[in-house]
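Chains A and B are the protein sequences, given in the same order. The first sequence stops at residue 200 when you use my numbering, and every number in between is there. The second sequence stops at residue 159 when you use my numbering, and every number in between is there.
These are computed hints drawn from the structure, not numbers from a lab. Watch out, some of these pointers could steer you wrong.
[Stated by the list, open to error] Facing chain B, from chain A, some residues (calculated, C-beta under 7 angstroms):
#1 Q126
#2 P128
#3 L130
#4 A185
#5 I188
#6 F191
#7 A193
This structure is a prediction, so every number in the text was calculated from the model and none was measured. Beta carbons: idealized from backbone N, C-alpha and C, even for Gly.
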Amino acid sequence: EAGVAQSPRYKIIEKRQSVAFWCNPISGHATLYWYQQILGQGPKLLIQFQNNGVVDDSQLPKDRFSAERLKGVDSTLKIQPAKLEDSAVYLCASSLDLAAKNIQYFGAGTRLSVL
Amino acid sequence: AQTVTQSQPEMSVQEAETVTLSCTYDTSESDYYLFWYKQPPSRQMILVIRQEAYKQQNATENRFSVNFQKAAKSFSLKISDSQLGDAAMYFCAYRSALRTGANSKLTFGKGITLSVRP
Chain A
86 EAGVAQSPRY KIIEKRQSVA FWCNPISGHA TLYWYQQILG QGPKLLIQFQ
136 NNGVVDDSQL PKDRFSAERL KGVDSTLKIQ PAKLEDSAVY LCASSLDLAA
186 KNIQYFGAGT RLSVL
Chain B
42 AQTVTQSQPE MSVQEAETVT LSCTYDTSES DYYLFWYKQP PSRQMILVIR
92 QEAYKQQNAT ENRFSVNFQK AAKSFSLKIS DSQLGDAAMY FCAYRSALRT
142 GANSKLTFGK GITLSVRP
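With the rest of the complex left out, here is chain A (with noise of 0.2 angstroms):
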């Protein structure tokens, strides 16, 4: 069974531009989740998908950030424009539903720089 997969592995930026990243989940996982990793610390929730639509964004930066999973299957998550700050892992996760005793399983994560 093929994993999360998520692409790109590393990201450099200059501030104030924008980034995307991508993630496609774990095929026939209804929930997606994305996670922001700052460094020294743990992941932290930034939006749940449940299919294609939105089940929490409260931690979402909206001004800056979003992020779309228009057919239920593949996610895309952008930063328009970045600050330094945002420089951080972001870890994208899927699990089989909702349901509280499903396993979320992670991707290998994109690497963030902003410079």
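Go by the hints and put chain B onto chain A.
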């Protein structure tokens, strides 16, 4: 809101020895899940072990076991017969057992870096 605390930033263990990683959490809920995830330098989070709060028996997975103390809100991970491949960051995480969507997120601690000495 739930919080997860990992107060030890780093630990070291000799290969083949046993090490225990500590985690405490705070919640007003009675039904939840606790997890230990491993994050090697490749960055991919890998589930090590999971504990359901309503189960009194401590979870075990091969060389990994937990000591779950619900009243004390403590959830420690014991790694027996440590191997070089166990070197990684380890994160403790909490998840509500409520089915509602916003409660299905994981709340992580800050993590602990484990090094294994050959």
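Verification of the hints:
1. Q126: holds, 6 angstroms
2. P128: holds, 5 angstroms
3. L130: It holds, given that the least Cβ distance between L130 (chain A) and chain B is near 4 angstroms, below 7 angstroms.
4. A185: holds, 4 angstroms
5. I188: holds, 6 angstroms
6. F191: OK, holds: F191 (chain A) within 7 angstroms of chain B, min 4 angstroms.
7. A193: holds, 4 angstroms
Hint check: no violations occur; every hint is consistent with the structure.
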